[in-house]
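Colleague: Listed here are the chains, written in short residue letters.
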Amino acid sequence: MKLDDQQQQREAEESRRTTWRRLRRMGSPRWTRANVLAAALTVALGFAIATQIQQNQATGLQGLRQDELVRVLDDVNQRAARLDQQVRELEAQRDSLTSGADTAAQAAAQAQRRVDQLGVLAGTLPASGPGIRLTIADPAATMKSPLLLDVLQELRDAGAEVVQVGGVRVVASTYFSDVGGSVTADGEALPRPYVFLAIGDSKTLASAMQIPGGIVDTARRQNGSATVEELKTVSITATRTPKTPRYATPVPEPTVGAGQ
Amino acid sequence: MIPALGLVVGIVIGLVLHPTVPLWLQPYLPIAVIAALDAVFGGVRAVLDGVFNDKVFVVSFLSNVVVAAFIVFLGDQLGVGSQLSTGVVVVLGIRIFSNVAAIRRHLFKA
Numbered sequence: 001m002k003l004d005d006q007q008q009q010r011e012a013e014e015s016r017r018t019t020w021r022r023l024r025r026m027g028s029p030r031w032t033r034a035n036v037l038a039a040a041l042t043v044a045l046g047f048a049i050a051t052q053i054q055q056n057q058a059t060g061l062q063g064l065r066q067d068e069l070v071r072v073l074d075d076v077n078q079r080a081a082r083l084d085q086q087v088r089e090l091e092a093q094r095d096s097l098t099s100g101a102d103t104a105a106q107a108a109a110q111a112q113r114r115v116d117q118l119g120v121l122a123g124t125l126p127a128s129g130p131g132i133r134l135t136i137a138d139p140a141a142t143m144k145s146p147l148l149l150d151v152l153q154e155l156r157d158a159g160a161e162v163v164q165v166g167g168v169r170v171v172a173s174t175y176f177s178d179v180g181g182s183v184t185a186d187g188e189a190l191p192r193p194y195v196f197l198a199i200g201d202s203k204t205l206a207s208a209m210q211i212p213g214g215i216v217d218t219a220r221r222q223n224g225s226a227t228v229e230e231l232k233t234v235s236i237t238a239t240r241t242p243k244t245p246r247y248a249t250p251v252p253e254p255t256v257g258a259g260q
Numbered sequence: 261m262i263p264a265l266g267l268v269v270g271i272v273i274g275l276v277l278h279p280t281v282p283l284w285l286q287p288y289l290p291i292a293v294i295a296a297l298d299a300v301f302g303g304v305r306a307v308l309d310g311v312f313n314d315k316v317f318v319v320s321f322l323s324n325v326v327v328a329a330f331i332v333f334l335g336d337q338l339g340v341g342s343q344l345s346t347g348v349v350v351v352l353g354i355r356i357f358s359n360v361a362a363i364r365r366h367l368f369k370a
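As you go down the protein sequences, you meet chains V and Z in turn. All residue numbers for the first sequence refer to the working numbering, where the first residue is 1 and numbers rise by one. All residue numbers for the second sequence refer to the working numbering, where the first residue is 261 and numbers rise by one.
There may be inaccurate statements among the hints.
Derived Cβ-Cβ restraints for the label pairs, each shown as a range [stated by the list, open to error]: (1) PHE333/Z to GLU89/V: 24 to 32 Å; (2) ARG10/V to VAL316/Z: 30 to 38 Å; (3) GLN85/V to THR346/Z: 29 to 37 Å; (4) VAL72/V to PHE330/Z: 26 to 34 Å.
Calculated from the structure, these hints are not laboratory results. Since this is a predicted model, take the numbers as computed values, not measurements. Virtual Cβ for every residue (Gly too), placed ideally from N, Cα, C.
Construct the complete structure from the given sequences, taking the supplied hints into account.
Modeller: Structure below.
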């Protein structure tokens with residue numbers, strides 16, 4: 001047994017040496033026909049390998065098969081569709097942003113209009129426009145606050161939008177009272193003669209003052225006189241600072257458009 | 261030795277010349293290269309077996325290349341070109357592996 005093993009080992013060693021010897025013999029540079037042929041073929045192989053590798057790296061669509069081309073085309077189409085979709089979404093977004101900016105500008109303009117409107121109404125803004133100047137002379141000092149209240153009522157009846165009496169801007173809370181010999185408006189003594197400035201349709205206002213039984217008539221009957229001047233431009237410069245109500249709180253409207 | 265140098269020289273020539281593969285050859289060149297590699301490994305194995313024959317090497321090299329290219333061509337005509345290419349590559353790859361294994365056993369007895 002042992003002998004057999006040793007023999008086998010020796011044979012294996014022998015064959016291995018033979019193999020290496022063969023390799024060396026073939027490996028030594030000899031110009032035999034076999035070597036030359038093999039060399040020619042391997043040169044061709046190396047050339048082909050390098051060419052193919054470069055081709056593969058540089059290849060565009062032309063090196064692809066039909067089904068691969070179809071797949072590439074599919075991919076491109078899908079990608080184009082996706083990008084189209086994206087373009088549409090972005091355009092919609094841009095449009096909505098643009099119109100949103102428009103809406104915001106409109107809302108701001110509307111708010112500004114409303115502020116102006118309310119400012120004129122509440123007397124926080126100076127105002128100008130066509131109107132009349134009504135001057136009531138009261139040399140006998142017989143006129144009391146009810147008469148002035150009547151005047152104001154008549155003016156409002158005739159469509160006066162903004163009224164100023166003396167230096168006082170007439171607003172919703174304006175009141176007249178008699179203090180001593182003179183009349184006060186909102187606590188401020190009015191100098192004689194009483195001067196009303198009113199903005200509105202000047203013809204209507206003037207005729208409302210001058211109708212029989214109207215203000216001009218009444219003033220004359222009380223030993224005074226009233227003159228009406230129609231003016232192209234009445235400018236009312238007296239303003240008033242609005243007071244925050246202490247007791248009243250607004251009830252919000254339950255409408256949908258309240259957010260605007 | 262000379263064939264090994266030839267391989268290197270061929271690669272260098274290819275890199276330097278930077279040739280363009282003609283369109284008709286493009287589907288066949290990669291398969292042909294694999295087939296030729298198979299023939300080369302087979303040749304090395306034959307050298308180690310002591311049965312190397314130059315005629316056999318040249319014929320097997322050329323026939324391997326031609327047959328591989330023909331199979332791919334046929335596959336393209338039949339509409340299964342890519343599948344058949346894969347099959348050829350797999351078969352040749354297996355052969356290359358078995359040849360390399362034989363070479364390894366010869367050289368290292370392992």
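Colleague: Indicate, hint by hint, whether the structure satisfies it.
Modeller: Hints versus structure:
In this structure the hint that PHE333/Z and GLU89/V lie 24 to 32 Å apart at CB is violated, the actual value being about 48 Å. About 32 Å separates the C-beta atoms of ARG10/V and VAL316/Z, a value consistent with the hinted range of 30 to 38 Å. Separated by about 36 Å at the C-beta atoms, GLN85/V and THR346/Z satisfy the suggested range of 29 to 37 Å. Range check, VAL72/V to PHE330/Z: about 27 Å between beta-carbon atoms, so the 26 to 34 Å window is met.
Hint 1 from the earlier list is the only one contradicted by this structure; the remaining hints agree with it.
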